[in-house]
Amino acid sequence: MKQSNVIWVVVMLLAGVYLSWRAVSYQAGAVYVAPKIVADADSGKSFTTWSKVPSVESSNPGVEISWPRTLGIWLSALFTLAIFSFLFGDNVVYKVAESIFVGSSAAYAMVVGFWSAFMGIFVAQLAPQFSQNTFMPGDDRTEPEWLMLIPLAMGIMFLWRLMPAGGWISRWPLAFFIAVFAGLRLVSHFEADFVVQIKSTILPLIVFAEDGAFDLKTSLWNSTMVLGTLCCLTYFFFSVEHTGVVGKISRVGIYLLMITFGVGFALTVMSRYSLLIGRMNFLLKDWLNLG
Amino acid sequence: MDKFWNSLANLDRRWLFALTFLAISIPLLTGIVLPQKVTPMVENVFNAIDELPSGTKILMPLDYDPSAEGELQPMADAFIRHAAQKKHKLYFLTIWPTGVAMIQRQVATLKKEYPEYVYGEDYVNLGYRPGYEGVIKLITSDLPKLYGSDQQGTPVAKIPMMAGIDSIKQFPLIVNVSAGDPGLKQWVQYAATPFDSIEIVGGTTGVQASTLYPYIPNQMIGMIAGIKPAAEYEKLMFEKYPEIEKRPNSNMANVFMTSQEVAHFMLIAIIILGNVVMWQTGGRRDQS
Amino acid sequence: MRSFTIIICLLLVAGTSDVSAQEVAPPSNLNVFDVENDKGEELRLTWTLSADDPNTETKEDVKEESANEPPATLNNPVVGYLIEVKSGNQKEFAEAGKVDAGVSEFKADDLERQEYSYRVKAIGADGSFSTATGISAATPVRQWVDRSKIYFGFFMLVVCGSVVYFIEAAKAGKQLKVRKIAGLEAIEEAVGRATEMGRDCLFIPGIQDINDIQTVAGLIVLNRVAELTAEYDAGLDVPTTRSLVMTVARETVDGAYTSAGRPDLYNPDNIYYVTDEQFGFVAAVTGKMVREKPAACFYMGAFYAESLIFAETANTVGAIQIAGTAMPSQLPFFVAACDYVLIGEEFFAASAYLSGEPQQLGSLKGQDVGKFIAGLFLIVGALLMTVSQFVHRGASGEKTGPLQDAISFMTESLLGT
Amino acid sequence: MLKRTVPLIIASIVGIVLILAKFSPPIQSWETEVVMWFDILAVFAFVLGAGNLNLNNLKKISERKAGWGYAAITLLAFWITLICGIGKLGVPPNEQYLGYAWSGSFEAEGSAFWWIFNYVYVPLASTMFATLAFYISSAAFRAFRANNVEASLLLLTALVVLVSQTSSGPMLSDLIPEESTWAIFKIDTIRGVLVNLFNTLGTRAVMIGIALGVVSTSLKVLMGVDQSYLGGD
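Protein chains in written order, with the numbering used here: chain G, 1 to 291; chain L, 1 to 288; chain P, 1 to 417; chain H, 1 to 233.
Isolated chain G (complex conformation) (with noise of 0.2 Å):
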């Protein structure tokens, strides 16, 4: 154990010196910024807002580097080997980026939701007055939307139990969400699963060619789309057990299901190993500057 820990510090130190020497050298990881300044003739006020120009670009006039976004890279790069280090086993780097990660992406969603159905929607429809003079000026709407004062006291109602008494009052517009996309959703899955499916699956088993000749190809084909998609939902089936013609049939229903599975893995792979690429260049082209 000793001896291993040993082999990590000096990889881990040789891995330090080759980051300093690139960064200080090629430096990696720099990002340049150019200012752009927007001024109001109106309220005489005027801000000054930094936008990304390539480096290609770095000795234009005004352009600077930008430190919060060149550590930014470096601090990515980390996180980056940080989630890959997990990979060979659960260690105080990965715990460090996953504690990191599961909080700041919490708030992410948190935030998220915040600006743009609370204020952008609920706010902005029930206090349009409040809203237009401080987050939304560009906004138009002039009466109150009181219908939203229904997810008000919904939202109320929900929050209610953490109060002592009475929580069980949150189960009312639970209840409410759960039975309003019950409803939505059988009628949208029974419209584009179950009859748009049917309707595309409905074929001629035997096909003749504008000629009157007889078609093979799209007969075969048709036949099997159809005989095929016939058997998978015959695998499907509750109420009749799976033995003779029907144990026979659904058999033969699985295996296709199988052959679907090994294609749908199969072309995903490509996806996959893209994503890894896009990683890996991040990490020797953004970073490193490599190539």
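Hints listed in this document are in silico derivations from the structure and should not be mistaken for laboratory results.
C-beta atoms are modelled at their ideal positions from N, C-alpha and C, and glycine is treated no differently.
Careful, some of the hints might be misleading.
Unchecked claim - List of simulated lysine-lysine pairs, DSS-like, C-alpha gap at most 25 Å: (1) K246(L) to K3(L); (2) K240(L) to K87(L); (3) K235(L) to K87(L); (4) K186(H) to K288(P); (5) K52(G) to K112(L); (6) K285(G) to K246(L); (7) K235(L) to K285(G); (8) K399(P) to K137(L); (9) K185(L) to K199(G); (10) K45(G) to K87(L); (11) K37(L) to K89(L); (12) K95(G) to K3(H); (13) K185(L) to K145(L); (14) K112(L) to K285(G); (15) K199(G) to K98(P); (16) K95(G) to K171(P); (17) K60(H) to K217(G); (18) K288(P) to K95(G); (19) K65(H) to K293(P); (20) K3(H) to K293(P); (21) K112(L) to K36(G); (22) K87(L) to K112(L); (23) K111(L) to K57(L); (24) K145(L) to K89(L); (25) K186(H) to K171(P); (26) K137(L) to K98(P); (27) K39(P) to K169(L); (28) K293(P) to K248(G); (29) K149(P) to K145(L); (30) K86(P) to K107(P); (31) K288(P) to K3(H); (32) K111(L) to K36(G); (33) K169(L) to K89(L).
Unchecked claim - Covered stretches of chain P, going by a simulated chain H footprint (3 or more residues, C-beta under 8 Å): (34) 157 to 165; (35) 360 to 368.
Following the hints, complete the assembly by docking chains L, P and H onto the known chain G.
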């Protein structure tokens, strides 16, 4: 010998991880490229851009995010290089908030390799507008309503190449790169299908591709689905414009494709090895 | 009528050739209809294009026949049309919209349910307007029932009705037989094994919110799994990606422990919120798997790319894995990497099986009727189309006849949406 | 009564009304309205989620449980991100409304929240996603074994499609002359049949089954046959 197979049967999967890592990264670092056979669909996409007269206005919506970069960046690069080589006018925009950074990358490529391209005259970055497919529906009839200014906040009235553009019907071709919904499907449905004057080609991920094939060729000229066709596209481009090949990173799809090729054969070998091990050890599967 | 207009135009062109701007020929035959199956806010307008419209068909025909006649006869071609509207109490016409040349229809929306009068003018290239068409009027009508969806509704009623019928029949005491599903028998075995090993059962109800019916189905399965863990006194661990799912899961597990007679064992802390974000959740859950080594993992709900990450990580700690999902794209990964998988419909059926309540089994019988109807449609439809192939063998052109009517009734009406 | 019967009545009425709404144009828009309410309720629910996250981690810290340091890091990351985002730290005002300090987008380039998103969230999420490439290898080694007919079919189809996705596979199979009877064994042809025929038919059957499963689960919820989501009394 039995001992050997048994140890393989209980192979620590970290060896497989290491193998995958090497299969992906070594080709990336060496930059070796393999020959490609060009398929007809890729040729159609290439010709759609190539046969337009120089200076044609092309709308380039880039709707993807960093996680899809590994698959879509090379084809976006190839589209941009090809279009710039033909001196087309490029109009970038995106309906994904994360697309803004992707456009910045393309702009960087243009600045670096085509210094004669002038912002506002040859290309413009209109940036992101929220609204998903609603954006597409709106700009088919009224572009300035949504895009009153470019990404930098410059009013379109001050951008020479925006003069006279009131809807995307003025673009004979849309070149879209997309990683999901809303994306290529919506551009086909709401822009290319209702308006005969707009043609569309696209680039998308391999996973997305199967849902898009039905639109070809009636509603969409063709598409580049994944790294492999992107590599073929680059080959076509190099044949016609050999000077592009000499630039750094211009053959990214081909380099990535070598990684894919090696990784795919590694995976096939792993599957076969798994089966050989199973036969040799009599199907025992020790889980640790 | 149209040719007459053209002649007049040509005469005008001939007579006043020194004047560059010509009066534009007006469009004609304006018709206004109510849009069917809407809530009474839309009207549809159609008209015949102006003779000076470059897209007017007669011009095209002429062009094809005599190429020597140049399209230059259009001194002042139409560039668009102006639609004007006047509602009941207004006196003046106001602009309702503009369309491009070549377009001969317009949809007016956001209307009240009152009478609207319309007229259309052509706009010339020089910006002048033609005289207006005759005035045409209509009132938007509100339809309470969308008649285009009646067949779809009827079809849905049949399938839903059979599910309801069998649930009620089972309640009334009708005996129903159902086959076994391997993955379900394994659930009890897995909980038992976790108890023996003294390790937890990990249950993930998917990564979607409660508005996804798969999450609801997953929570129903959780109810049965929780009953088992209560009986066996095994540990249960339920990480969720949504606050609402956490809340409902707590109610569910609480109820399950109560009905298993062990409310003392219920600990709400074991059902907790991690983060809304997909991969943040994955990072936390895989970390937990490696550290706490659950003996059984259940994945029941809507899953995306994380399916394989979960399955491969749990495999390294030697957990029994049972998955159920209705995401077709993730089934291959679960099938390859888990011990048992409930495929699509089996996942929804699981709750009925596990409850063992007769009325729940009735719903399965109803689903089978649905599949039977699907199969019947496939067979009848395919046979009809095959017969049609024989009947129309070698024939070109539009297929007609009662056979074709039957096919289109089936695909367009019954299966039309 | 109030705990169980009323929610069940609510569920039945609301669900049926929304099913009918699909068939009645005047009330079709209720769907959008109600879906919007749900998004708002989800924000209210964040109070519970955030409370739970904070309580759990605080408990770990105060009890000095193993790994309490990580709990502290999680809390720190949570609050920093939340404050940066809700407080719009470093967000410049909207360019058209400079007088309104809060008018900028909470994700504006250069803001603190934008920085966290780009340099913390994005690399962590996309790397986690990318680890799938490794898991594919390990799953292929352990799970793709021809033990029985089902597994063999899964394995064989996966192999064929994998070969078809390479460059050299199709090139090799192009050595088969176009006109020969063996031409149907060209890898692209086989791939076409597998992807467009077998994959389609299997997926269709699965989707038809899923639709029926959804219909019956929804009906059970609306009829009150399954009440487990309401918990005990």
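Fill in: Pair hint K235(L) and K87(L), alpha-carbon separation not exceeding 25 Å
holds (20 Å)
Worksheet item: Within 25 Å, alpha carbon to alpha carbon, are K3(H) and K293(P)?
Response: Roughly 38 Å between the alpha carbons, so the hint for K3(H) and K293(P) is violated.
Practice prompt. Would you check the hint for K199(G) and K98(P), treating anything up to 25 Å between C-alpha atoms as holding?
Written response: violated (39 Å)
Worksheet item: Holds or violated: are the alpha carbons of K186(H) and K288(P) at most 25 Å from each other?
Response: Violated, at about 47 Å.
Worksheet item: Within 25 Å, alpha carbon to alpha carbon, are K52(G) and K112(L)?
Response: holds (15 Å)
Discussion item. Can you confirm whether the C-alpha distance between K288(P) and K95(G) stays at or below 25 Å?
Written reply: holds (10 Å)
Worksheet item: Between K45(G) and K87(L), does the CA-CA distance stay at or below 25 Å?
Response: violated (40 Å)
Worksheet item: For the pair supplied as a hint, K87(L) and K112(L), is the alpha-carbon distance within the 25 Å limit?
Response: Holds, because 15 Å separates the two Cα atoms, which is no more than 25 Å.
Worksheet item: Is K240(L) close enough to K87(L), meaning Cα to Cα at most 25 Å?
Response: Within the cut-off at roughly 15 Å; holds.
Worksheet entry | Restraint status (C-alpha distance of K65(H) to K293(P) at most 25 Å) | holds (18 Å)
Worksheet item: If you draw a straight line from the CA of K169(L) to the CA of K89(L), is it 25 Å or shorter?
Response: holds (15 Å)
Worksheet item: How about the stretch 157 to 165 of chain P: do at least three of its residues have a C-beta closer than 8 Å to a C-beta of chain H?
Response: holds (count 4)
The structure is inconsistent with the numbered hints 1, 4, 8, 10, 11, 12, 15, 16, 17, 20, 25, 27, 28, 29, 31, although it conforms to all the rest.
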